[in-house]
Structure formats: C-alpha cells, structure tokens
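Peer 1: Chains C and Y, in that order, are what the protein sequence lines are.
Mapping of the first sequence onto the working numbering: position 97 corresponds to residue 214, and the numbering continues sequentially without gaps.
Mapping of the second sequence onto the working numbering: position 9 corresponds to residue 126, and the numbering continues sequentially without gaps.
The hints are simulated quantities; they were obtained by calculation from the structure and are not laboratory data.
Predicted model, so just to flag it, every value in this text is computed and none were measured.
Wrong hints could be hidden among the right ones.
Said to hold, decoys possible - Computed cross-link-like contacts, DMTMM-like style, restricted to lysine to aspartate or glutamate with a CA-CA straight-line distance of at most 20 Å: (1) C/Lys-204 to C/Glu-185; (2) C/Lys-261 to Y/Asp-235; (3) Y/Lys-280 to C/Asp-309.
To be verified - Some, not all, of what chain Y presents toward chain C, calculated at C-beta under 8 Å: (4) Asn-213; (5) Gly-214; (6) Met-278; (7) Ser-279; (8) Ile-300; (9) Glu-325.
C-beta atoms are modelled at their ideal positions from N, C-alpha and C, and glycine is treated no differently.
Number of protein chains: 2
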Amino acid sequence: MSKKNHGSLIILSGPSGAGKGTIHNELLKHDSNLKLSVSMTTRKPRDGEVEGVDYFFVTEEEFKKEIENNSFLEYAEVHGNYYGTLKREVERDIDNGYDVLLEIDIQGAINIKAQKEDGIFIFVMPPSMKELKNRLVKRGTETKDALIERFKNAYKEVNEMSKYNYVVINDELDLAVKKVEAILIAERCRVDRIEEFDVNNQEELIHELLVDFNN
Amino acid sequence: MSKKNHGSLIILSGPSGAGKGTIHNELLKHDSNLKLSVSMTTRKPRDGEVEGVDYFFVTEEEFKKEIENNSFLEYAEVHGNYYGTLKREVERDIDNGYDVLLEIDIQGAINIKAQKEDGIFIFVMPPSMKELKNRLVKRGTETKDALIERFKNAYKEVNEMSKYNYVVINDELDLAVKKVEAILIAERCRVDRIEEFDVNNQEELIHELLVDFNN
Numbered sequence: 118m119s120k121k122n123h124g125s126l127i128i129l130s131g132p133s134g135a136g137k138g139t140i141h142n143e144l145l146k147h148d149s150n151l152k153l154s155v156s157m158t159t160r161k162p163r164d165g166e167v168e169g170v171d172y173f174f175v176t177e178e179e180f181k182k183e184i185e186n187n188s189f190l191e192y193a194e195v196h197g198n199y200y201g202t203l204k205r206e207v208e209r210d211i212d213n214g215y216d217v218l219l220e221i222d223i224q225g226a227i228n229i230k231a232q233k234e235d236g237i238f239i240f241v242m243p244p245s246m247k248e249l250k251n252r253l254v255k256r257g258t259e260t261k262d263a264l265i266e267r268f269k270n271a272y273k274e275v276n277e278m279s280k281y282n283y284v285v286i287n288d289e290l291d292l293a294v295k296k297v298e299a300i301l302i303a304e305r306c307r308v309d310r311i312e313e314f315d316v317n318n319q320e321e322l323i324h325e326l327l328v329d330f331n332n
Numbered sequence: 118m119s120k121k122n123h124g125s126l127i128i129l130s131g132p133s134g135a136g137k138g139t140i141h142n143e144l145l146k147h148d149s150n151l152k153l154s155v156s157m158t159t160r161k162p163r164d165g166e167v168e169g170v171d172y173f174f175v176t177e178e179e180f181k182k183e184i185e186n187n188s189f190l191e192y193a194e195v196h197g198n199y200y201g202t203l204k205r206e207v208e209r210d211i212d213n214g215y216d217v218l219l220e221i222d223i224q225g226a227i228n229i230k231a232q233k234e235d236g237i238f239i240f241v242m243p244p245s246m247k248e249l250k251n252r253l254v255k256r257g258t259e260t261k262d263a264l265i266e267r268f269k270n271a272y273k274e275v276n277e278m279s280k281y282n283y284v285v286i287n288d289e290l291d292l293a294v295k296k297v298e299a300i301l302i303a304e305r306c307r308v309d310r311i312e313e314f315d316v317n318n319q320e321e322l323i324h325e326l327l328v329d330f331n332n
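Same shape as in the complex, but just chain C (with noise of 0.2 Å):
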C-alpha cells in the first residue's frame, strides 16, 4: 500500500456510540510508531494548550487562506470555530517513517478516501445496532430529537463500511484495541512495505560458510 520505509496514514472511524474515540487514546498510549497529526484551528487556545503541539493556532482568515490553497486533508466547522488535517503535517510525519493515526467520522473519512487511497481505513462497528441506541441514550447529552437523528444517520453510515478496509466490532474495548493494533501490525509486514533485502554478498557468504564448515 504505501511506500518502502514510509509509514501510513491510518483512519479511525465509525458512527457516534461505537467508541472510536476510547479505541483512539488507548492505540496512542500503546504504540510508540503512532503519531497523532495536529490540527489547525480558529478555536482560541485553552489554558496550557501550547501551539504546535496541541494545535495550530489561526484566525478565521488565516484557516480559510488554507481553505482556498486546498492545504487540507479534511476540515469541519464545529460550533462556529473551525478544525482541520493539514496534509503537510500528515506528509511529513508518514515520510519520516510514522503511522498518523485519525480518528474521524464517517462524511470525513469518505472524503479521505477520495484523496488517500492508500490509506488503512478501519470501521469501528458497535457490537449491534440496539447496543448504539443503548450507549447514544447513556450519554444523554442530546434531546430526544437529535438522537433520534443521530441514531437514523447511524443506519445509514453503516451501509458506508463496504469502502473500508477493515471492520472491528467493538464490543469489548481491550479485545477492539488488540484487533486495531493487530492490523497496525500486520499492515507494517506487508510485502509492499519491506526494506530491500540485501543480497549481494553471495560470493563473500559461501566464502565464510566453507571456513565455518571446515572449523
């Protein structure tokens, strides 16, 4: 899929309720190859947040100069300040060897996919559709109409994960976690991805093999 030495760009992503988030965090404390891109924002900076490492702080016009440059892998607007994946910053990181983990709903990751074709998309499936509606009520931060919203636009999103690569049902976080980071695993053995294999020292080799063998 991608490039020799190269890392991927890998996509978290599923409806509201299936716990891509918690997988998300778990996945960063584990792998030390994993690196969580920063996101530019028009979102003033909260107290300790430090730019360049928790985001990139700009003001609306700024973000929409990168808008217009198309510097963006996604963007959103989300209560009126807007949030967005620089793909210089996810670039850089993959060149240099890292794995860019984003956790990101499914309209986002559809339209990743257009632009990143090679990139590893997981679908994170909560373990039934009535287990979605159990966790979405649990929250309870929304009225009674925006869960019902949420919860149609589930159904629909699910009929989305035929484009991914991988599905992982989460129904028990440590078992989901395993299985993401199995696949971080796996995709870092594929054929595509290995080193050249050195190969040219036959002559030197059978040299020290039949000293070896003669000792």
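For this one, chain C is given, so just place chain Y on it according to the hints.
Peer 2: Chain Y only, in chain C's frame:
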C-alpha cells in the same frame, strides 16, 4: 479475500533456515481457530500414529490415483515416500470457518498460489543472509556440497518474496510469532470477511429509544 464466515488458507513459507517450522508449531499452540490439514502419505505409520489424525496412510497406487484425479493442492516425494495436501480436506475446514495453516517450501507455495489466489501467503525471512548461513551451518545435518547448494538456492528463493502478501523477518522468535498472529487477526477483520450486520430493525429500535429516553 475469503467468503464471509469462511476461514482462510494460510501459507507459511520461506527459505530453509528461516525458522518457518518453529513459528508454525508456536502458532498451533496458541490459536484455537487454526487447523493443521491432515496430509496423505505412502510412508508406513510409526508407533502411535493414528489414521486420519496424523496422516491418511495409503499405498503408492492409491496415492498416484489421487494425483491423477488432481486431488492435491501440492504433493512431493521425499526419500521415496509421497506426501500430499488434499484439496478436499483444506476446503472442508475452510468452509467450516477454520483457518488452515500450511508450512511449505517456496516452490510448493508458488504452486499453491497458482490455484489459490485468495490464500494468505506469508514469507518468513532470516534477519540476514549471513544469519541464514550461520543457521544452516549450525544444523550440521548435511554435506558441504548439499549445504552450498541449499544456500545458493536460498538466494534465488528470496526473489520470490514479492509474490507473497506479507513478509515476517524472524529475528526474534517471539516477535515473529506475534507478527504472524497479528496478520491472522487482521485478516479476520478484513471488510470482505465480516458477516452481514443486522440493520433491519430500525423502526423497532427507534421505538425502544423513545421509551428509554422517557424513562
């Protein structure tokens, strides 16, 4: 790769000295969804070997009839005895949802690839050709000429790597086993292996959601 609910054929292959046999044995200890296919042989049963468990023991005439009938995924003659992997055995286990593991030399793997494009082909590599040389010498089971022949052959075989899906470098056994296990887990998460997800109960669940919400 495979049909839904079905297992996969997993081919563990690589040059001799790469350690595929050891990895193979470790995998079978850990993974309860893995099946070793029972081979057919013309060799006489040894003490304690059970027909249909260790091997299917047949006469040379019976074996040759199976060859004529194209019953084998692969077969070979070793020290005057025939050994073969029966297609029907492998296919039955796969249909029953098991992953079937075959450990086989590179020529055998390439032959299987021609018949089973949807198999998972894993190339086990030594960490370097120098290390491969050391391992072959250390075995001490062969004449000098046989050893050189085997080593030269390994050089040729490494070029077949690109026909495989995955490469696992066997530097440290535990790590190599973990990588193969990760590949098996990841392959089971591939989107084309996921069972149908029940999304036909939308109205019923929205009704439940409203009841939940009002409580």
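Peer 1: The structure should be examined with respect to each hint, and the outcome stated for every one.
Peer 2: Here is what the structure says about each hint:
A C-alpha spacing of about 13 Å is found between C/Lys-204 and C/Glu-185, which places the hinted pair at or below 20 Å, so the restraint holds. With a C-alpha separation of about 47 Å, the suggested pair C/Lys-261 and Y/Asp-235 falls outside the 20 Å cut-off, and the hint is violated. About 10 Å separates the Cα atoms of Y/Lys-280 and C/Asp-309, which keeps this hinted pair within 20 Å; it holds. Evaluation of the Y/Asn-213 hint against chain C yields a violated restraint, the C-beta minimum of about 21 Å exceeding 8 Å.
The beta carbon of Y/Gly-214 is not positioned within 8 Å of any beta carbon in chain C (closest approach about 16 Å), and the interface hint is therefore violated. Taking 8 Å as the C-beta cut-off, the interface hint given for Y/Met-278 holds, the closest approach to chain C being about 6 Å. Interface restraint check for Y/Ser-279: the shortest CB-CB distance to chain C comes to about 6 Å, inside 8 Å, so the restraint holds. Checking Y/Ile-300 against chain C by beta carbon gives a least distance of about 4 Å; that is within 8 Å, so the hint holds.
For Y/Glu-325, the shortest C-beta to C-beta distance to chain C is roughly 6 Å, which falls under 8 Å, so the interface hint holds.
Hints 2, 4, 5 from the list above are not met by this structure, while the remaining hints are.
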